[in-house]
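Asks: Residues per chain are reported as follows:
There are 2 protein chains.
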Amino acid sequence: MPSQIPRPDTLSPAALDALKAHFGEKLDTTAAALESHGRDESRQESALPHAVLFTQTEADVVDALKLASEHGFPVVPFAVGSSLEGQVVPVKGGLSLDVSGMKAVLEVAAGGFQATVQPGLTYPELNRQIRHLGLFFPVDPGAEASLGGMASTNASGTAAVRYGTMRDNVLELRVALTNGEVIRVGSKARKTSAGYDLKNLFIGAEGTLGVITELTVKLWPLPANLVVLRANFETLGAAARCAVDIMGAALQPERLELIDERQIHAVNVHKGTDFPEAPTLWIELASPSSAALAEALELCRELVTDGGGIDLHAAYSAEERAKLWEARHHAYYAITALNPGHINMTTDLCVPLHQLPEVVEFTRQEADAAGLDASIVGHVGDGNFHVLFHALPDDAETWARVNAVYDAMITETLARGGTCTGEHGVGLHKRAYLAREHADTLGLMRGIKALLDPAGLLNPGKILP
Amino acid sequence: MPSQIPRPDTLSPAALDALKAHFGEKLDTTAAALESHGRDESRQESALPHAVLFTQTEADVVDALKLASEHGFPVVPFAVGSSLEGQVVPVKGGLSLDVSGMKAVLEVAAGGFQATVQPGLTYPELNRQIRHLGLFFPVDPGAEASLGGMASTNASGTAAVRYGTMRDNVLELRVALTNGEVIRVGSKARKTSAGYDLKNLFIGAEGTLGVITELTVKLWPLPANLVVLRANFETLGAAARCAVDIMGAALQPERLELIDERQIHAVNVHKGTDFPEAPTLWIELASPSSAALAEALELCRELVTDGGGIDLHAAYSAEERAKLWEARHHAYYAITALNPGHINMTTDLCVPLHQLPEVVEFTRQEADAAGLDASIVGHVGDGNFHVLFHALPDDAETWARVNAVYDAMITETLARGGTCTGEHGVGLHKRAYLAREHADTLGLMRGIKALLDPAGLLNPGKILP
Chain A
1 MPSQIPRPDT LSPAALDALK AHFGEKLDTT AAALESHGRD ESRQESALPH AVLFTQTEAD
61 VVDALKLASE HGFPVVPFAV GSSLEGQVVP VKGGLSLDVS GMKAVLEVAA GGFQATVQPG
121 LTYPELNRQI RHLGLFFPVD PGAEASLGGM ASTNASGTAA VRYGTMRDNV LELRVALTNG
181 EVIRVGSKAR KTSAGYDLKN LFIGAEGTLG VITELTVKLW PLPANLVVLR ANFETLGAAA
241 RCAVDIMGAA LQPERLELID ERQIHAVNVH KGTDFPEAPT LWIELASPSS AALAEALELC
301 RELVTDGGGI DLHAAYSAEE RAKLWEARHH AYYAITALNP GHINMTTDLC VPLHQLPEVV
361 EFTRQEADAA GLDASIVGHV GDGNFHVLFH ALPDDAETWA RVNAVYDAMI TETLARGGTC
421 TGEHGVGLHK RAYLAREHAD TLGLMRGIKA LLDPAGLLNP GKILP
Chain B
1 MPSQIPRPDT LSPAALDALK AHFGEKLDTT AAALESHGRD ESRQESALPH AVLFTQTEAD
61 VVDALKLASE HGFPVVPFAV GSSLEGQVVP VKGGLSLDVS GMKAVLEVAA GGFQATVQPG
121 LTYPELNRQI RHLGLFFPVD PGAEASLGGM ASTNASGTAA VRYGTMRDNV LELRVALTNG
181 EVIRVGSKAR KTSAGYDLKN LFIGAEGTLG VITELTVKLW PLPANLVVLR ANFETLGAAA
241 RCAVDIMGAA LQPERLELID ERQIHAVNVH KGTDFPEAPT LWIELASPSS AALAEALELC
301 RELVTDGGGI DLHAAYSAEE RAKLWEARHH AYYAITALNP GHINMTTDLC VPLHQLPEVV
361 EFTRQEADAA GLDASIVGHV GDGNFHVLFH ALPDDAETWA RVNAVYDAMI TETLARGGTC
421 TGEHGVGLHK RAYLAREHAD TLGLMRGIKA LLDPAGLLNP GKILP
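Line by line, the protein sequences give chains A and B.
Just so it is clear: in the first sequence, position 258 is 258 by the UniProt record's numbering, and no numbers are missing.
Just so it is clear: in the second sequence, position 289 is 289 by the UniProt record's numbering, and no numbers are missing.
Bound-form chain A, shown alone (with noise of 0.2 Å):
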C-alpha cells in the first residue's frame, strides 16, 4: 500500500495568481484543504492537489476549465470524496475542483417522475427533499455520496435490482468541457434515439471526459407497501443459488442481498445486533397492497424453503426496516470498526447471474486457502459482489496475498463474461485490470480521452492504463 504520492510540478505561480485573482475567497490552499481534497474513502493512497476550487456556479467551473486549458494544469473533480478506487485523488497535482457547494434541486417534475439537480447534491439530500412528494430516488450506494459523483462511476447499490444503476436513471446532463464549452447530451424525455449517445460517455467517465455541472434524474413512486424477508444457509454457494431462483419467479425484489456469516459477525458487534451469524439473504418485497404483497411473501417463502433456507422472519415496519438497512448500507464500517488501524480493501466483481453461485463458492476458497480473513456481502440480484479485505496498511506480506487472491478472482471472472466492475468503477486501481478485460477497445477509449481533452488535464491517472 503506498502512502503519499509526491506532488509534480503542474500548476504553476502564475496560474496560482490568475486562480487566485479570479475566484478570490473561493480558492482554498490551506494545508487542511489540499489535505482533505487528497484522498478517497479507500484510504490506499493520497496526493496534495496545489489548491481547493470551491465551486458554486457553473460558471465558476467553466471558468476554471478556461484557465486549466490555457495554463496547462490538471483539474480534478471533487464532491464527498466516497469514491473507492482513488477517483478524487489528485495524483499529479493541479487544482481540486470542489463541487459540493453547488447542491441545489433547481426543478422538480412531479407529474413526470423527474429532477433536475446540481452535481454536489447527495442522495440522501435529494430524498429528504421530495419525500413529502411520494417520490424518491432510487440508487443508494452505501456511502452519502453525490449525484455528481455517483454519475461519474455509474454508481448503484442494493436497490438496482429492480431500479437499474446511475446510466439508467439518469436523464441528461450538462456537462462542462476544456474547451470552456458547456453541452447538454441525452433528454429530459425517458427515451431517445436521437444521434450518438453522449450521455452514457459522461456516465462512468469518473470526470476524465468532461465535469458535470447539472443532471436530470428519474424519480421512482414510493412503493406503499413493503416487507423484508431474511433467510439463512447452510453456504454462500446455496444462498446464492436461491437468489437465481427469485429473480426467475417474477417476484420483482425491490432488493436482494447477499451476507455473509462474517460480515453479519461484524454488523452485530458493530451495530450491537443479534443476527444469526450464516450466510445470509435479504430480500425486500412491495406490492400496491398489502394482500398482494403477502401472496408475493409466501411464493418467496416457498422459494427459500425450495432452496434449503431457514426462513427466519419478515419486517414489515419502517422502523425495523430501516434497521435492517442501515446495517448493510455500514457494512463497509462495521468491517472498519472491527480491525481497528486497518484499511479495507473491497472488490466490485459482476458476472452474470448463472455464474454467481459458482464465483462466489470459488472467491471463498482462494481467500480461504490464502489464510485471508475476508468479508463477502453482494447485490446478488444483479451477480455483483464484494469481498472486503483488510490488513494493516504497511503489512505488504498481507497486502501480496490479497491481490492475488484479487487477480484470480479477476481472470475467474473475466473466463464467465463477468466485469472487473460492477459499480465503484476503475479509479487507480483497476487500471490494469480494465486493460485485460478490454484489451480490444482502449485504443477506442484512448481516441475518446483525446477528443474531449486533447491536453490529458482532467483528471489524469485514472481509468486508462
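Simulated from the structure, these hints should not be mistaken for lab results.
Wrong hints could be hidden among the right ones.
Said to hold, decoys possible - Derived, one-sided and incomplete: chain B residues facing chain A with beta-carbon distance under 8 Å:
#1 156
#2 160
#3 201
#4 338
Just so it is clear, CB atoms sit at the ideal spot from N, CA and C, and this is done for glycine as well.
Since the structure of chain A is already known, use the hints to place chain B on it.
Replies: Then chain B, alone, in the frame of chain A:
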C-alpha cells in the same frame, strides 16, 4: 416526397470484381435484389445499391469492410428493412450488407436471463425459441424487426414502459469496424463501470460507426397472470392525464397505450373489430398471483374512473390479449389499408411525462387546423407518441401541410425538454431536427464518427446533417 435517388459512381468495376471474386454466390447484383434493398418501410424514397452481399458469418462482414476500406465504397447494413426513417436506403449506392442470414441463437443462459444471438434474428423468432423456458425478450416494435436493426435505432415499443428500450436490454455487442477489427463492447454482466461506455455509442448509431455482428440481450420471466383493461375517455388529454396517474400509483403496468378514435376506427375496419371509437387507453397489468392481479386491476379501475374514463372490459384470456396487441402492432398497416395508394409518415416524439397531455392536445389542434387526417397512438407511459399522417406520394400540397405541422410539433417538443425521436431514430428524415435538438453536440458527434469511420464509408448520409 422524392422518388428514386440517382446512384453515384461509388463502387468501381474493380471493387465489384474483388467482391465477386471473394464472395462468389453470396454477392447478388440482380435487379430484384438491388430493388428490395433500396427502400424501407417508410417508402418515402428509394436508392439502389451497386450490389447486395448476403453474409453468413462474422468473417464475411469483416472481409466486406476490409474490401470497402481498400476500394472506398459505402456499406449499408440491412436485415429486415423495417426501419421508418430511411436508415437502410443506400443513398450513396455501394454495398447493401444483408445480415438476415445470420440469425442463429448462439447461446441461451436461462439461469442468467440472457441470450447471445446473431444480428439478423428477429425478436418474434427469438421469442418462439425461448418460450419453453418460461422466458421472453420484451422489446416489441410493431414490425418483425431484426435484433441488430433494433439495437441500431435503439428501438422500443409497447413494453418499454416496464422493460425499457434496446439500450436497457442489450448487455454486450460484437461490432466489426472499418479497420477490419472486431471489438467486444459492454459486458455479459448486468452492470459494469469498466471504462468508457462504448456499447451505448453503437446502440442507436444506425450502422454509421460499425456493423453489429453479435448481441447478448437480457431475457425476462414470462409474467404469469395478465389482464388488459380498456378504458375510453372524452378527450385525448384526459386519457393522457389518466396515464400519468397510473404511472404514479406504482402499478408498474406491462403496457400502457393511448389510441385515438381515428386509429380505433382504422383498426375496426382493418381487423373487423368493434371497439368504441373514442380516445382509449389499453392498460396491461401482471402479477405473480391472480388475487394480487385482481387487486391491482381494482386500483387501476379506480384511477380510470377518477380520471373521467369509462372502464370497458378486462381481457384475461391469452387469445383476447393477443388479439388486442396484434391490433395495436398493426396500427401502421391499418392506416395503410384504409388509404389505398397513400404512403404514411409517422412521427415518434417523446416528451417528459407531465408534458404529454399538452403536447398531444397541441398536436391534435395543429393537425385539425391544417385539415389533416392524422391519427395518434402512443406509448404514453414513456411520454412517447406517434402521429400517423398519410397522403398520395405526389400530393405535394398535403405533404407541405404535414411538414408544417410536424415542424410545429418539433418546436413544441423541444421547448418542453423532449426529443425528436423516442424510438425510430434519425435516419435520413430527421437530420435537420437532430441539428435543432443537439446543435451544441453535432461537432462532438462528427468527431466520434471520424474516429471510427474516417473515410465515411458506413451508411453515409444518415444521422448527421
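Asks: Next step is simple, just say for each hint if it's right about the structure.
Replies: Here is how each hint holds up against the structure:
Using the Cβ-Cβ criterion of 8 Å, the hint placing residue 156 of chain B at the interface with chain A is satisfied: the shortest such distance is roughly 6 Å. Interface hint at residue 160 of chain B: satisfied, since its Cβ lies 7 Å from the closest Cβ of chain A, which is below the 8 Å cut-off. At a threshold of 8 Å, the smallest CB-CB gap from residue 201 of chain B to chain A is about 6 Å, leaving the interface hint in force. Restraint check, residue 338 of chain B versus chain A: the minimum CB separation of about 28 Å is more than 8 Å; hint violated.
Going down the numbered hints, you'll see the structure goes against just number 4.
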